[in-house]
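In case you want the letters, here they are:
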Amino acid sequence: DAGVIQSPRHEVTEMGQEVTLRCKPISGHNSLFWYRQTMMRGLELLIYFNNNVPIDDSGMPEDRFSAKMPNASFSTLKIQPSEPRDSAVYFCASSSGTLGEQFFGPGTRLTVL
Amino acid sequence: AQKVTQAQTEISVVEKEDVTLDCVYETRDTTYYLFWYKQPPSGELVFLIRRNSFDEQNEISGRYSWNFQKSTSSFNFTITASQVVDSAVYFCALSHSGGYNKLIFGAGTRLAVHP
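Chains A and B, in that order, give the protein sequences. For the first sequence, counting from 1, position 4 maps to 4 in my numbering; every step adds exactly one. Just remember that my numbering sits 113 ahead of the position in the second sequence, which is counted from 1.
Heads up, none of these hints are tricks.
Rough simulated footprint, nothing fancy, chain B against chain A, three-plus residues with beta-carbon under 8 Å:
#1 42-50
#2 88-95
#3 102-113
No lab work stands behind these hints: they were computed from the structure. This one's a predicted model, so the numbers in the text were calculated from it and none came from an experiment. We put the beta carbon where it would ideally sit given N, CA and C, even for glycine.
Taking the hints into account, I'd like the entire structure generated from these sequences.
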């Protein structure tokens, strides 16, 4: 069975550009999470969806960040405009139910120059 | 406040040694979950184990074992007879009780196993 799929795996962009990260959760999972990993702050939750509805976006750093989940099999995280401090690895994870263990995708390494 | 502390930043061992990774957590909740994840050099996060707060039984899975002690708020992870493939960063995490598994991660312990 396919795990969580993320694209692109690597993204290099210039400051001010729009960046869109994509995630396909494991089929049948109804909870989706976006995390960011940096050396300074470690792993931190950005936003959580349950049944395609955003439940907790308290971790989204700024209005430049937005996330959507138009259907059960697809989610996007968008940064507009991007800044060098957004450089990080962004992980998507999914789980079955609100208390199930989370399975992570391979991550997208974002570099903003 | 909820918090996970992994005091060991880096551990270096020689192959076949046993190694224990420490995890101490803080929470005021009576119901919570604890997790361990492995992040190998390739970068993905691999789920290893989940424990709920009512189950203090130790768990063993092959060379891996976990010791959960509520009295000391610890959930330690031991690798027996370590192998080079065990080299990775290991994260301990605690779930937030706000109705879903909002994971609070520790800073991670980097384990290097040398041949």
